[in-house]
Amino acid sequence: MSVIAPNFKLSEFIKSILDVGFWGLLIFVLIGFPAAFIVLFYIEMPVINGELLTPFLALTWLADPSRTLPIIKAFMTTDLFRIAAFPGFGFAALIAAGTIFVERKMLAKLQLRVGPFYCGKIEGILQLMGDGLKLISKEIIIPAKADKPIFWAAPVLFVATAAAFVSLIPVTPGWVVADVDVGLLAVFAVIGFFPIITILSAWAANSKFPFIGGIRALFQMVSFEIPLILSFLGVVIVTGTLNLSEIAASQSSFPWIIFFPIGAIVFFITMLAELERIPFDLPEAESEIVAGWLTELSGMMYGLVQLGTYLKLYAFAGLFVVVFLGGWNGPMIWPPFPEEIITKGIELGPVTAQIPGLPVFSQEMLNGAVWFVLKTVGVIFFILLPRGVFPRIRIDLLLDLGWKKLIGLAFVNIFIALGLLYAGILGPGGIF
Amino acid sequence: MSTPTLPPGLAIQKADERIMTLNVGPQHPGSGHMRIVVQIDGDYIVACDPDPGYVHRGEEKMAEYRNYVLNIPHLERPVIHDSCNILYPYVLGVEELLGLEITERAKYVRVIAAELNRCVYTMYWLAIYGIFLGHSTMFMWPAGDRELLIDLLEKMTGARVTHSYFIPGGIRNDLPANFEDVCLRQVNYFEKRIKEYADVFYDNPILISRTEKTGVLSREDAIRLGTTGSVLRASGVDYDVRKKEPYDVYDELDFQTNVMKSGDSYARSRIPWLDMMESCRIIRDALQKMPKSGSVRVKLKPNPKGGIDSVYKRIESGRGALGCYIVSDKKPEPYRVKLSVPSFRNLIALPHLLIGEKLGNMPSIYWSLNYWPVEADR
Numbered sequence: 001m002s003v004i005a006p007n008f009k010l011s012e013f014i015k016s017i018l019d020v021g022f023w024g025l026l027i028f029v030l031i032g033f034p035a036a037f038i039v040l041f042y043i044e045m046p047v048i049n050g051e052l053l054t055p056f057l058a059l060t061w062l063a064d065p066s067r068t069l070p071i072i073k074a075f076m077t078t079d080l081f082r083i084a085a086f087p088g089f090g091f092a093a094l095i096a097a098g099t100i101f102v103e104r105k106m107l108a109k110l111q112l113r114v115g116p117f118y119c120g121k122i123e124g125i126l127q128l129m130g131d132g133l134k135l136i137s138k139e140i141i142i143p144a145k146a147d148k149p150i151f152w153a154a155p156v157l158f159v160a161t162a163a164a165f166v167s168l169i170p171v172t173p174g175w176v177v178a179d180v181d182v183g184l185l186a187v188f189a190v191i192g193f194f195p196i197i198t199i200l201s202a203w204a205a206n207s208k209f210p211f212i213g214g215i216r217a218l219f220q221m222v223s224f225e226i227p228l229i230l231s232f233l234g235v236v237i238v239t240g241t242l243n244l245s246e247i248a249a250s251q252s253s254f255p256w257i258i259f260f261p262i263g264a265i266v267f268f269i270t271m272l273a274e275l276e277r278i279p280f281d282l283p284e285a286e287s288e289i290v291a292g293w294l295t296e297l298s299g300m301m302y303g304l305v306q307l308g309t310y311l312k313l314y315a316f317a318g319l320f321v322v323v324f325l326g327g328w329n330g331p332m333i334w335p336p337f338p339e340e341i342i343t344k345g346i347e348l349g350p351v352t353a354q355i356p357g358l359p360v361f362s363q364e365m366l367n368g369a370v371w372f373v374l375k376t377v378g379v380i381f382f383i384l385l386p387r388g389v390f391p392r393i394r395i396d397l398l399l400d401l402g403w404k405k406l407i408g409l410a411f412v413n414i415f416i417a418l419g420l421l422y423a424g425i426l427g428p429g430g431i432f
Numbered sequence: 001m002s003t004p005t006l007p008p009g010l011a012i013q014k015a016d017e018r019i020m021t022l023n024v025g026p027q028h029p030g031s032g033h034m035r036i037v038v039q040i041d042g043d044y045i046v047a048c049d050p051d052p053g054y055v056h057r058g059e060e061k062m063a064e065y066r067n068y069v070l071n072i073p074h075l076e077r078p079v080i081h082d083s084c085n086i087l088y089p090y091v092l093g094v095e096e097l098l099g100l101e102i103t104e105r106a107k108y109v110r111v112i113a114a115e116l117n118r119c120v121y122t123m124y125w126l127a128i129y130g131i132f133l134g135h136s137t138m139f140m141w142p143a144g145d146r147e148l149l150i151d152l153l154e155k156m157t158g159a160r161v162t163h164s165y166f167i168p169g170g171i172r173n174d175l176p177a178n179f180e181d182v183c184l185r186q187v188n189y190f191e192k193r194i195k196e197y198a199d200v201f202y203d204n205p206i207l208i209s210r211t212e213k214t215g216v217l218s219r220e221d222a223i224r225l226g227t228t229g230s231v232l233r234a235s236g237v238d239y240d241v242r243k244k245e246p247y248d249v250y251d252e253l254d255f256q257t258n259v260m261k262s263g264d265s266y267a268r269s270r271i272p273w274l275d276m277m278e279s280c281r282i283i284r285d286a287l288q289k290m291p292k293s294g295s296v297r298v299k300l301k302p303n304p305k306g307g308i309d310s311v312y313k314r315i316e317s318g319r320g321a322l323g324c325y326i327v328s329d330k331k332p333e334p335y336r337v338k339l340s341v342p343s344f345r346n347l348i349a350l351p352h353l354l355i356g357e358k359l360g361n362m363p364s365i366y367w368s369l370n371y372w373p374v375e376a377d378r
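Chains E and G, in that order, give the protein sequences.
Going by our numbering, the first sequence opens with residue 1, and the numbers climb by one from there.
Going by our numbering, the second sequence opens with residue 1, and the numbers climb by one from there.
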């Protein structure tokens, strides 16, 4: 007979539960309440039903569950929620995590193997979590002669810049972290930080292979930024705006890729290069320069750079969707919220529950989010696909492609836009 | 400050600010078990010094302390993926020293095993060539497809890679029952699979633009530098030991050698792939012509001793001509065993090819030389 817990005593078990409960309550009352009140005191509170939300009112949901939804809705209007959760970092990180999983499984199927398999019950779905735990628990090794402050700062800056890029992408109407009027210029300004961070990290590592990788990354990003900027100009010319939300809204009847396929192709190729993905992964070409500018990064520093890379991937895919594929526009596929729940409430046997504050999200917003996510996932799929098909390109061929062919094609795209504008087909006063 | 006195033979090299010295290997994903000291000026390689010897194990010296039969398992260690072929010249040489004539069926089985092993080796080489060029699918596909042939070899020999199958006097054991049908089916499927590699790898425009006209080895240089095997044939020299000095039953089999004229990395990477198809042809032909039954092994004396003699035998391995020189002094152990390996011969061409190339071409040129570091070190 096997005994699971030989020294088990019920009285001690109950005592331990009571102890934990007592100390938990004490700590919550002594530290948690004051902390919550301090936070609620300093945060600017929204107004609900003409009544300023004070900390006391915010806590009334404990006594009155019907106030829960209005408070959540009020919280969702705050900048904190937008930055941390929905159109911002949390949403992007979720898509990035999904991208990593899909990439590994898809590549595995393409290469006749199974990919992540054992971690998690279904098809190794928890592998990413395991990898993250491994990276967190690893020792961070800094090269002895590295420039330590810059070397430490570079991965953090990389993620911060990628998150800044994410914040500019409008997901659904009205849901964007930073709705700036010069949105596209802001995008280019943010993208311009990546080569600087890369070369700083590479130089600060004070090692040969990262240095070569950093120089390669600098070459690649700088030379592909020009066709990247030029490939957007067609859309900017016909819409007459740099605001990404307005560009997305201008495509309510058709996406711009119909008129600017060349621009879309140029942007897609430059996007692959900016993301350092195969066939343009020269800065990380492992058989030549080990891991390129990531060689000396270890532990969670490497993990942060990977997180930043995938955030950047999501942001680029989102930018492609917003500019060329119509953003959130699409046929209404989300069912409308049932009216009788708002007017009559939900009948639960003898009780009828009235839930104020419904619906939480409007139908347009949910529909837009669904279309945006669907299109973004599609674009991400096409970004991942070349990894299974192409070998790595060489640096001279890459620069040749960037400076000669793509810039030429981008100018062709601009002339198409000008032609459509002056022929009166697109733009102000045009047919469409 | 006075200049430090240096030991004779050493000199302080004047540092050039533009030149950067890179140690590619041994702990580098693009080197294998060796080191290439590369000096680069910008993106161009100005000097290259391959430094083999990292995995030197003294196989030749070890062979002097073991008798002729005990030498078999450790002599195949330099290239475990090509273990039948690296044993082939040794076994042929020992048979000549002992004056043995082996049976017809054993000769055919040896040829089949050698050709299967050549394909296994080439698939492994191709997988690494793929990942060196950043093509991860070309890493996984050959690594998976070579299991087909490894299964066949396991059925024949009982071991997946280190077979120890060839012994003086024939082969260790006869083929299992029904082997011919299984072998034919697997080899036909294998040939169908490797033809698909053209779509994903050999006809890929990026691969062609990357490897064509890089690392060109002219016909004269290929002969002058003493390269062998696929490197020599890629430069336009029609030289194959199986054709020029046929051993066992290669003169009765129907096959051809593949020759390309350009001598660049692309040709060097394509020749082994074409050779695999020829190997499939050879295997099918040998299965047809093989005597269906008969002994596969000639009995040796309990403690075989050769006469006072020396013998040199050559075969065509997966990398090129592989020679074995055995000196016997009437003892159970050989006096000297010298392996003349193709990898080392092909490595000599590396500095010749790399100087003046871009750093990005280094992996493709290096691995297109069909070089196996462990074999070169022995």
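Calculated from the structure, these hints are not laboratory results.
Do not rely on the hints blindly, as some may be mistaken.
Straight-line alpha carbon distances no greater than 20 Å define the calculated EDC-like cross-link-like pairs of lysine to aspartate or glutamate that follow [unchecked claim]: (1) K261/G x D285/G; (2) K261/G x D238/G; (3) K213/G x E225/E; (4) K208/E x D41/G; (5) K358/G x D396/E; (6) K109/E x D41/G; (7) K208/E x D43/G; (8) K208/E x D16/G.
Partner residues aside, some chain G positions facing chain E, computed with beta carbon under 10 Å [unchecked claim]: (9) M20; (10) P29; (11) V37; (12) L70; (13) G130; (14) F132; (15) L133; (16) H135; (17) D145; (18) L148; (19) G307; (20) M362; (21) P363.
Computed beta-carbon distance windows for the label pairs [said to hold, decoys possible]: (22) M106/E x A177/G: 34 to 44 Å; (23) F188/E x V37/G: 34 to 44 Å; (24) K405/E x R224/G: 35 to 45 Å.
Ideal Cβ placement from N, Cα and C applies to all residues, glycine included.
A quick look at each hint next to the structure:
1. In summary, the hint linking K261/G to D285/G is not supported, as the alpha carbons are separated by about 28 Å, beyond the 20 Å threshold.
2. The suggested pairing of K261/G with D238/G holds, with an alpha-carbon distance near 10 Å, which does not exceed 20 Å.
3. As the CA atoms of K213/G and E225/E are separated by approximately 30 Å, the hinted pair breaks the 20 Å bound.
4. Annotation: proposed proximity of K208/E to D41/G holds, straight-line Cα distance about 13 Å (limit 20 Å).
5. The hinted pair formed by K358/G and D396/E meets the criterion: a straight-line CA distance of about 9 Å does not exceed 20 Å.
6. This hinted pair does not check out: K109/E and D41/G have alpha carbons roughly 41 Å apart, beyond 20 Å.
7. With a C-alpha separation of about 13 Å, the suggested pairing of K208/E with D43/G holds against the 20 Å cut-off.
8. Proximity of K208/E to D16/G is assessed by CA-CA distance (about 16 Å); at most 20 Å being required, the pair is judged to hold.
9. Hint status for M20/G relative to chain E: holds, with the closest Cβ pair at about 6 Å, below 10 Å.
10. Annotation: P29/G was flagged as interfacial toward chain E, and the flag holds, the nearest CB pair being 5 Å apart, inside 10 Å.
11. For V37/G, the suggested interface contact is broken, since its CB lies about 12 Å from the closest CB of chain E, more than 10 Å.
12. Here the hint on L70/G is broken, as its CB sits about 39 Å from the closest CB of chain E, past 10 Å.
13. Interface hint status for G130/G: upheld, as the beta-carbon distance to the closest one in chain E is roughly 8 Å, under 10 Å.
14. The restraint placing F132/G at the interface with chain E holds, with a minimum CB-CB distance near 4 Å, inside the 10 Å limit.
15. At its closest, the beta carbon of L133/G sits 4 Å from a beta carbon of chain E; the interface hint therefore holds under the 10 Å criterion.
16. With 10 Å as the threshold, the beta carbon of H135/G comes within range of chain E, its nearest partner Cβ sitting at about 4 Å, so the hint holds.
17. Taken as an interface hint, D145/G checks out: its beta carbon lies about 9 Å from the nearest beta carbon of chain E, inside 10 Å.
18. A cut of 10 Å between beta carbons decides the hint on L148/G: the least distance to chain E is about 12 Å, and the hint is violated.
19. The restraint placing G307/G at the interface with chain E is violated, with a minimum CB-CB distance near 50 Å, outside the 10 Å limit.
20. Because the smallest distance between the Cβ of M362/G and any Cβ of chain E comes to about 6 Å, under 10 Å, the interface hint for this residue holds.
21. About 4 Å separates the beta-carbon of P363/G from the nearest beta-carbon of chain E, less than 10 Å, and the hint is met.
22. For the pair M106/E and A177/G, the supplied restraint of 34 to 44 Å holds, since their beta-carbon distance comes to about 42 Å.
23. For F188/E and V37/G, the hinted distance range of 34 to 44 Å is satisfied, since their beta carbons lie about 42 Å from each other.
24. Checking the proposed 35 to 45 Å range against K405/E and R224/G shows it holds: the Cβ atoms sit about 40 Å from each other.
When each numbered hint is compared with the structure, violations occur for hints 1, 3, 6, 11, 12, 18, 19.
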